[in-house]
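Undergrad: With this note's numbering as the guide, the letters of the sequence shown map in order to residues 1 to 359.
Check the hints yourself; a few may be wrong.
[Said to hold, decoys possible] Simulated DEER-style distance windows between Cβ atoms:
id, residue 1, residue 2, range
1, P115, D65, 27 to 37 Å
2, E181, E25, 12 to 22 Å
3, G159, K93, 14 to 24 Å
4, I51, K171, 52 to 62 Å
5, P128, E202, 13 to 23 Å
6, R270, E202, 15 to 25 Å
7, D42, D21, 17 to 27 Å
8, E181, Q218, 16 to 26 Å
9, K232, E25, 47 to 57 Å
10, R270, K232, 15 to 25 Å
11, A188, L231, 15 to 25 Å
12, E224, E28, 11 to 21 Å
13, M26, L231, 43 to 53 Å
Source of the hints: derived by calculation from the structure; they are not laboratory data. The beta carbon of each residue, even a glycine, is placed where N, CA and C say it ideally should be.
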Amino acid sequence: MSKSVKRPEKEEEEDKEKENDLTPEMTEKLIKLASTILHYWDISVQEIELIQGGQMALVWKIITDKGPLCLKRIHRPEKKALFSIHAQDYLAKKGSRVPGIIPNKEGGLYTKQGPFLFVVYDWIIGRPFDLTVPEDQAWIMKGLAQYHLDSVGYLPEEGIPVFSKLGEWPKHYIKRCQQMESWKQIAAGTPDDSFSQLYLSEIDQHIEHGRSVLKELQESYYPEWVAKCELKPNLCHQDYGTGNTLLSNDQIWIIDLDTTTYDLPIRDLRKVIIPLMGDQGAWDQELFNHMLASYESVAPLSMQQKKVMFIDMLFPYELYETANEKFGRKNELPPEELMQAFDYEKRKGEEITSMISSL
């Protein structure tokens with residue numbers, strides 16, 4: 001499977017690397033910004049270190065007389081940011097392993113300056129996970145399962161907008177199929193481009209497959225499960241992985257909840273497992289079983305729920321991402337990467353169809 005397609009984690013890592021490109025003047029300016037913002041908190045600041053200074057969220061490590069803290073400027077629309085901030089506060093107070101939020105002098109969970117919200121969190125000291133290590137794979141999945149369980153019952157206070165993607169999967173499928181269809185016109189306009197010509201030669205069957213997955217989803221337990229979750233929702237992280245988790249004192253901590261929303265928990269499983277499988281270069285059923293079993297050791301799934309998950313995994317997400325890198329983000333990719341994506345979708349489809357049949 002292609003290694004050039006950008007995962008959210010890789011984009012985040014690249015963003016953090018941009019900090020190294022900041023001039024001393026820019027770094028000093030961002031540290032002064034943090035110093036100014038921190039006046040809204042009753043904190044004795046000894047030192048401020050810029051951790052992330054790229055175009056996404058800004059992150060500073062604050063050394064205080066009571067230990068390290070984290071100051072973050074959230075790079076999300078305010079309505080979505082409010083949902084995630086209050087969700088994190090709920091989880092932390094419930095005992096879930098997410099950083100606690102330090103209230104400002106007025107008791108608020110955040111301070112707003114201009115269009116941005118600033119939040120101060122506990123600083124978690126730990127090591128990142130390595131998804132090539134079976135023990136870490138198990139940790140990651142168990143932590144995700146616990147997050148899903150802990151989040152059941154979160155209802156934002158009155159006035160806090162609800163951020164939910166419950167029931168929206170069919171729209172996502174339709175949009176992606178339409179985009180893959182529209183990219184045919186772009187490909188047709190570049191007859192000398194081998195990637196484009198390969199795309200045209202095979203994409204129709206994958207678009208049709210995506211539409212058939214939509215039909216399967218609509219006829220599955222999905223609508224009923226969504227209806228149940230609307231009555232008693234749980235959170236879906238959406239960007240879960242090694243970039244947002246740490247192992248500390250033999251416990252997994254989730255350190256970034258900015259994108260959390262209401263949705264079926266299996267969406268997180270698909271977004272963790274399927275890209276990982278693609279990065280192996282070949283479908284690894286043993287790895288798949290290990291990841292799923294680790295999750296289910298904490299939060300078991302019913303047969304109906306597993307079938308919905310498998311159906312969702314059948315959609316050609318990885319192929320879509322490869323094509324989007326070329327036609328959406330306008331980055332050059334060799335045709336070999338597209339061929340790998342086609343092959344991966346074929347192998348994935350065979351394995352998952354077999355798992356569905358065995359339910």
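Undergrad: Can you tell me whether the CB distance of E181 to E25 sits inside 12 to 22 Å?
TA: With Cβ atoms ~48 Å apart, the hint is violated.
Undergrad: Are K232 and E25 spaced within 47 to 57 Å by their CB atoms?
TA: Holds, at about 52 Å.
Undergrad: Is the gap between the beta carbons of R270 and E202 within 15 to 25 Å?
TA: holds (23 Å)
Undergrad: Within 17 to 27 Å or not, the Cβ separation of D42 and D21?
TA: violated (35 Å)
Undergrad: Is it true that the C-beta distance of A188 to L231 lies inside 15 to 25 Å, as the hint says?
TA: Given about 47 Å between the Cβ atoms, the range is violated.
Undergrad: Do the Cβ positions of P115 and D65 conform to the proposed distance bound of 27 to 37 Å?
TA: Taking Cβ atoms as reference, P115 and D65 lie about 32 Å apart, which means the hint holds.
Undergrad: Holds or violated: 52 to 62 Å for the Cβ distance of I51 and K171?
TA: Violated: the Cβ-Cβ distance is about 36 Å, outside 52 to 62 Å.
Undergrad: Given a hint of 16 to 26 Å, does the C-beta separation of E181 and Q218 actually sit inside it?
TA: holds (20 Å)
Undergrad: Starting from the hint 13 to 23 Å, judge whether the C-beta atoms of P128 and E202 obey it.
TA: Given about 37 Å between the Cβ atoms, the range is violated.
Undergrad: CB of R270 to CB of K232, is that within 15 to 25 Å?
TA: About 22 Å separates the Cβ atoms of R270 and K232, which means 15 to 25 Å holds.
Undergrad: At the C-beta level, are G159 and K93 separated by a distance inside 14 to 24 Å?
TA: Distance hint for G159, K93 holds at roughly 19 Å.
Undergrad: Can the suggested window of 43 to 53 Å be confirmed for the beta-carbon pair M26 and L231?
TA: Holds - the Cβ-Cβ distance for M26 and L231, about 49 Å, lies within 43 to 53 Å.
The structure does not agree with the numbered hints 2, 4, 5, 7, 11, 12 stated previously, though it agrees with the rest.
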